[in-house]
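Peer 1: Could you put the whole structure together from the sequences, leaning on the hints where they help?
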Amino acid sequence: MTEQSAPPPEGLVRTREFHAPGPVELELSNGVGPLHVELVETDAVHVEVRHEPAHGYPDWRGGLSGLLSWVSEQINETGIKAGNGRGADGDREDEHASGAGAEAVRRTRIDMTGNRVAVHPPTEVPLRSVPLVVRVHAPSGSRVSAHTGPGEVRVTGSSGRMSIQSGSGSVETGESTGTTTVRTGSGRISLGGMHAEVQARSGSGPVEIAAVNAASSVVTGSGSVWLGEVSADLLVRSGSGSIAVADGTAGQVELISGSGDVQFAVGNDVAAEVDLVSSTGSVASELEVTTEPPSEDPPPLRVFGRTGSGRALLTSSI
1 MTEQSAPPPE GLVRTREFHA PGPVELELSN GVGPLHVELV ETDAVHVEVR HEPAHGYPDW
61 RGGLSGLLSW VSEQINETGI KAGNGRGADG DREDEHASGA GAEAVRRTRI DMTGNRVAVH
121 PPTEVPLRSV PLVVRVHAPS GSRVSAHTGP GEVRVTGSSG RMSIQSGSGS VETGESTGTT
181 TVRTGSGRIS LGGMHAEVQA RSGSGPVEIA AVNAASSVVT GSGSVWLGEV SADLLVRSGS
241 GSIAVADGTA GQVELISGSG DVQFAVGNDV AAEVDLVSST GSVASELEVT TEPPSEDPPP
301 LRVFGRTGSG RALLTSSI
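Heads up: the sequence shown begins at 1 in UniProt numbering, then just goes up one per residue.
Among the clues, some could well be false.
To be verified - Here are the in silico distance ranges between beta carbons for each label pair:
id: 1; residue 1: Glu17; residue 2: Leu235; range: 27 to 33 Å
id: 2; residue 1: Val289; residue 2: Ser140; range: 52 to 58 Å
id: 3; residue 1: Asp43; residue 2: Thr280; range: 40 to 46 Å
id: 4; residue 1: Arg116; residue 2: Ala271; range: 46 to 52 Å
id: 5; residue 1: Gly178; residue 2: Glu288; range: 36 to 42 Å
id: 6; residue 1: Glu292; residue 2: Ala215; range: 26 to 32 Å
id: 7; residue 1: Phe18; residue 2: Thr177; range: 18 to 24 Å
id: 8; residue 1: Ser309; residue 2: Glu288; range: 45 to 51 Å
id: 9; residue 1: Thr315; residue 2: Pro21; range: 44 to 50 Å
id: 10; residue 1: Thr15; residue 2: Gly114; range: 19 to 25 Å
id: 11; residue 1: Gly178; residue 2: Gly308; range: 32 to 38 Å
id: 12; residue 1: Thr42; residue 2: Asp275; range: 56 to 62 Å
The hints are simulated quantities; they were obtained by calculation from the structure and are not laboratory data. All residues carry an ideal CB built from backbone N, CA and C; glycine is no exception.
Peer 2: As structure tokens, then:
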């Protein structure tokens, strides 16, 4: 017999749906907890906001001492009883936490004005520390603006312009046809095919981008950087992480790492001008190279790579 999880108590989940015959502007935020956006072929926007204690970050209940007195003014306490084996204080805390969750869900702003859909949980103390999960289904091609504190942001499907910021969570997206800006303090960044400019910044997390097809930049303090296809101008800087490009075909590419390895794979049958230097590490090439410039037009690909103590390697794409 399969055990079924019980549905959340009434008031701890809220849904709204809006008619949307085409792409919309999504303006989303979440103080504590994840933001999940699914872009599909649909003519509606569906929003779900749920209280989810499992997504609390280092003891979100630690602030309950101040929260309890506030919630006691907001909810009916007639159902709070002691003596179920856990103690009155434990029961009381759970009841208050549940009440705070319901209040945070109830006071979350969910509205649509024109083609802009906004979802914003309350920002005042203490409700802003209540962990919520925000899920949105919207038409493919929608633009996404998302901001969360300690929580991941995940966007699946094809989007337009994106602006995403996470305090310490990871960011994962599908492909985008618009300008994309992503910033996270310490989380991982994983992006699909980018068909317009990308600016990705991470304090300490790794960065992965499937394809870069327009002038872009990637900066990380100590995380590694991996890029799939590169066919446009690109600047990559990492304080101590490694940098790798799997298939470079065009553009002026600058790769700089303080102490990490730098590896660049040139696409098949692509002529490239390459300048790789490692101050104290090794430099190697698996390709045939010459010191003489080509007699024909300048090559479509120019690579400039620098590392302080890592290894610099030039190779071919698979």
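Peer 1: Could you run down the list of hints and mark each one as holding or not?
Peer 2: Hint-by-hint comparison with the structure:
About 42 Å separates the C-beta atoms of Glu17 and Leu235, a value inconsistent with the hinted range of 27 to 33 Å. Checked against the given bound of 52 to 58 Å, the beta carbons of Val289 and Ser140, roughly 44 Å apart, lie outside it. The hinted range of 40 to 46 Å is not satisfied by Asp43 and Thr280, whose Cβ atoms lie roughly 59 Å apart. Checked against the given bound of 46 to 52 Å, the beta carbons of Arg116 and Ala271, roughly 47 Å apart, stay inside it.
Range check, Gly178 to Glu288: Cβ separation about 40 Å, and the 36 to 42 Å hint holds. Between Glu292 and Ala215 the Cβ separation comes to about 29 Å, which falls inside the hinted range of 26 to 32 Å. At about 23 Å, the beta-carbon gap between Phe18 and Thr177 stays in the expected band of 18 to 24 Å. The given range of 45 to 51 Å is broken by Ser309 and Glu288, whose C-beta atoms sit roughly 27 Å from each other.
The hint said 44 to 50 Å for the Cβ distance between Thr315 and Pro21, and at roughly 48 Å that hint holds. A hinted range of 19 to 25 Å holds for the C-beta pair Thr15 and Gly114, which are about 21 Å apart. A beta carbon spacing of about 36 Å between Gly178 and Gly308 agrees with the range 32 to 38 Å that was offered as a hint. Distance hint check for Thr42 and Asp275: the Cβ-Cβ separation is about 49 Å, which falls outside the suggested range of 56 to 62 Å.
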